[in-house]
Amino acid sequence: MKLMRGLPLLFACATVASAQVAPPAIEIAPRSNSTVQRMVVKVADAPNLSHAEKLRLIRQHIKYVFILFQENRSFDFYFATYPGADGLYSKSADQIAGFTQPIVNLDGTIGTISPFKIPASVVDANGKTVPLYPTDIASVNHSHLGIAHKLDLDANSIAQNDRYALTEEGVTLIDGKPSKLPTLERKQFGELVMSHVDCDAAPFLWSYADRFTLFDHFFDTVIGPSGPNAIAMIAGQSGETQWMLHPNLAEGKNGTALPMVANAHPYWGLAQDAAGNPAQPKPTQDKNPAPNLTFATLPLSFMGSDIEKTTAADYNPVFDLMDVQGDIKKIAGHGVPAINWGWYQQGYGHEPTDPVGIATHKNYVIHHNGPQYFGYVSDNPEANIHMHPMGAFFDDVAARRLPSSGVFYVRGGYGNIASLPPADPNPHLATVFNGNDDHPGYADSGISEAFLAKEINAIAQSPYWNQSAILIAYDESDGLYDHARPRVRSHDAAGVPLDQGPRIPFLLISPYGVAHGVSHELSEHSSIIKFVDELFNLIPLADLPDEERARKIGLEQHGQKDLGPADDKVEGVGDLFSGFDNLRLLGKRKPLSPSYAEIPEAQINSFPHMGGQGCHALGITPTDSGKPNPIPADFNPRPDTTPGIPTSGTWIP
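Quick note on numbering: the sequence shown equals residues -19 to -1, 1 to 634 in mature numbering (1 follows the signal peptide of the UniProt record, and there is no 0).
In short, the hints are calculated from the structure, not lab data. Check the hints yourself; a few may be wrong.
If you anchor each label on the Cβ, the simulated ranges turn out as follows [as the list claims (entries may be wrong)]: (1) G476 x T602: 44 to 50 angstroms; (2) G476 x K550: 20 to 26 angstroms; (3) P408 x K72: 43 to 49 angstroms; (4) S286 x K343: 36 to 42 angstroms; (5) K268 x G476: 26 to 32 angstroms; (6) E552 x A294: 36 to 42 angstroms; (7) Q538 x S73: 43 to 49 angstroms; (8) D26 x I612: 42 to 48 angstroms; (9) T341 x A475: 34 to 40 angstroms; (10) T602 x K268: 50 to 56 angstroms; (11) K268 x A293: 30 to 36 angstroms.
Think of the CB as a built atom: it goes at the ideal place given N, C-alpha and C, for glycine as much as any other residue.
Make the full structure from the sequences, and use the hints.
Now the structure itself:
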């Protein structure tokens, strides 16, 4: 097998080497404004609690977990300059992996590029101020192989993070010479991948970080795009254990192999779904759907002591349940009642923008729906009743229809059910950048922030706030540059690095949360699963017998001990407890009020948010303040939809 540079075939069962040194679990960020400062509890003032003590208190106070699941941003893209976080300027440039990396110029000469902030505007050749609209950017390469190339692992599986620009250009260096010349568009993508924004372009995210807890060592689980990480959000893997039990599934073509590393559509709901299950949206036929996924997930665990009754309603139990028979028995005997849950995704069903009685599924992104990949959810009327359209989330919260506790996921998609327009007035882009899940290429980050705020406001204005943990999570990085080094622990059948992937944003919001905190806890999507496991006393997915059986095969036949769920048995996967304030849990400080979490509706619907002056409004000074901003002369945030050079004098935003 010929291996690419940076993609060594390493099936070591020993712990993978890592350059990370664990800092203190939680710190308080530098002072911002008086409103936040009044809520701050010094870490030194908080009493120590054992894990068991803290778990008991969290179980006492937290009954609802809301996972607001966003799309495709790296941590450094949003929080590279957040004070107190592990950002681009928290150390010297020579200590930041990939801070300076090669880029090929149009004439074939080799230049360098470093991270830079996307400005709100530039001055063109005619002296005219031209707005760039940094809330609307193109999507870069976030394929499995693309991200693996960008990470550029050395022989010890440590990421160098120095091939982001070259990968976007589609160029390799051979003896210091480029394999080909990039086009202007590809060079601009090589520049875009190194860009970032701050509190002026993303003021709501920075406000939530300022008021609650930002996690700065949260990574995606799978090196790859959205589909595998939507699955990992509920499974802690993308199919390693099914691969071990059925090795032939590693031979799938066109992105259908297991473990999943591409965006193959779920079998359920496609034209190939012979049962014609009416509960699933029906997009056009996909010639290469993913296989029916049959490994354990939280939705399986959520069935609790009702699991045998619930799975008895499955339309095709032989097909859907073949790999979880032992898991079902163990869950059934665990003695934990069924856990309420819901997956709310825009376009899944009838939305307020649809004609009466007709669900158009217009804005539905099918490969973002993790549960839909699993037959024991999609092919079971007793299980798929937990999947809903996004509008139903607002209706259910407003009408107080949620049960007494549970776990609820909320996802946007193409377009937005509030019909909010993007910041860029270009009429063409109004039909391109109107999504609300923050995915570059089709979502406007201002619209996406607005929907986050609407979701959080809805919870804050309900009785659920007092017992809630709200988790703002992203699925993957979009392939945007991030300097932190993931802890690579496994490889797929081709020897390409698999888990874990680049760092992504994550925030924890709760009345019992740490105010103005920065958590350095090592975490990933599996940490959300681990938190839910512990909160609801579920057996970790990694400890279920069928997953253990497959994991043993991974070690014995492939020399890999971590092929499987990462909510247990895997080092460096925390449980998010650092985001909760011990004094508030003990009742020695008041819980944070719902008004503290709310953003005024008028502010939500006014674009750009905070007038484009979020840093000033929040009282935050980004860590690059006063430093040079090395914007490339030909930079364009949207090389594919608004081609050309913004400073040329002829470019149209």
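List, from low to high, the hint numbers that the structure doesn't satisfy. Hints that this structure does not satisfy do not exist here, as all of them hold.
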